[in-house]
Amino acid sequence: MTDAIHFPGAAATGDRVPALQGMLVAQSERDITVRVAEGTWTFRRADVLRVLESDTTAAAPGRPVLVDIRPGATADFTRRLRIDVVDRPMTLASPPSPAFGDDLLRELTESWADELQLLDAPGTGATFTYCQTKSQAGSDDGINCDSLD
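Residue numbers for the sequence shown follow our numbering, beginning at 66 and rising by one.
If you are wondering where the hints come from, they were derived from the structure by calculation, not from laboratory data.
Be a bit skeptical, because a hint or two may be false.
What the hints assert, rightly or not - Label-pair ranges, simulated between beta-carbon atoms: (1) L157 to R115: 30 to 36 Å; (2) C210 to D152: 42 to 48 Å; (3) A158 to S200: 55 to 61 Å; (4) E180 to T107: 37 to 43 Å; (5) T107 to P154: 26 to 32 Å; (6) P83 to S200: 54 to 60 Å; (7) C210 to A178: 18 to 24 Å; (8) T143 to R115: 33 to 39 Å; (9) P154 to E103: 23 to 29 Å.
Cβ atoms here follow ideal geometry from the backbone N, Cα and C, with glycine treated the same way.
Using the sequences provided together with the hints, build the complete structure.
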């Protein structure tokens, strides 16, 4: 899985990635672990260019730091989740839809169709596709596809 760190108002310039701001909670010869609001990042020491003290005065455990990361670095990200014991398998909930209920879903569908300039008329949705090939030797082949969406 590939993910990216996006900081508001911070853009990468050249080969430098914006510094990650968080709390340094662990470091070893191999890894550096930084806790942020969304979870905890663990980087290989070779992917960390430098660790600077931060001016942030937070009451969280650890020491406030800014971490410069090498572009293309790989990292592990963990999130703290609450687990409830239930009679079904443990799963992660999917992100909520931007539309809740039939009316909002209809409005979202209509706005999507307007952006794509799709017709909203009864009877539309049927498509017909035909592809034909002809050779100089007189061969005439074709394929036909109907779809009622």
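Cβ-Cβ distance between P154 and E103: within 23 to 29 Å?
About 25 Å separates the Cβ atoms of P154 and E103, which means 23 to 29 Å holds.
(message) Does the beta carbon distance between C210 and D152 stay inside 42 to 48 Å, or does it fall outside?
(response) Because 46 Å falls inside the window, the suggested range holds.
- Given the range 30 to 36 Å, decide if the beta-carbon distance of L157 to R115 lies inside it. Taking Cβ atoms as reference, L157 and R115 lie about 34 Å apart, which means the hint holds.
### Query
When you take the CB atoms of T107 and P154, is the distance between them in 26 to 32 Å?
holds (27 Å)
Beta-carbon spacing of T143 to R115 - inside the hinted bounds 33 to 39 Å or not: violated (23 Å)
**OP:** Indicate whether the distance between the beta carbons of P83 and S200 respects the range 54 to 60 Å.
**Re:** Holds: the Cβ-Cβ distance is about 59 Å, inside 54 to 60 Å.
Given the range 55 to 61 Å, decide if the beta-carbon distance of A158 to S200 lies inside it.
This hint holds: roughly 56 Å between Cβ atoms.
(Q) Quick check: does the Cβ-Cβ distance between E180 and T107 fall within 37 to 43 Å? (A) holds (40 Å)
For the range 18 to 24 Å, tell me whether the beta carbons of C210 and A178 fit it or not. 23 Å Cβ-Cβ, so the 18 to 24 Å window holds.
In summary, the one numbered hint that this structure violates is 8.
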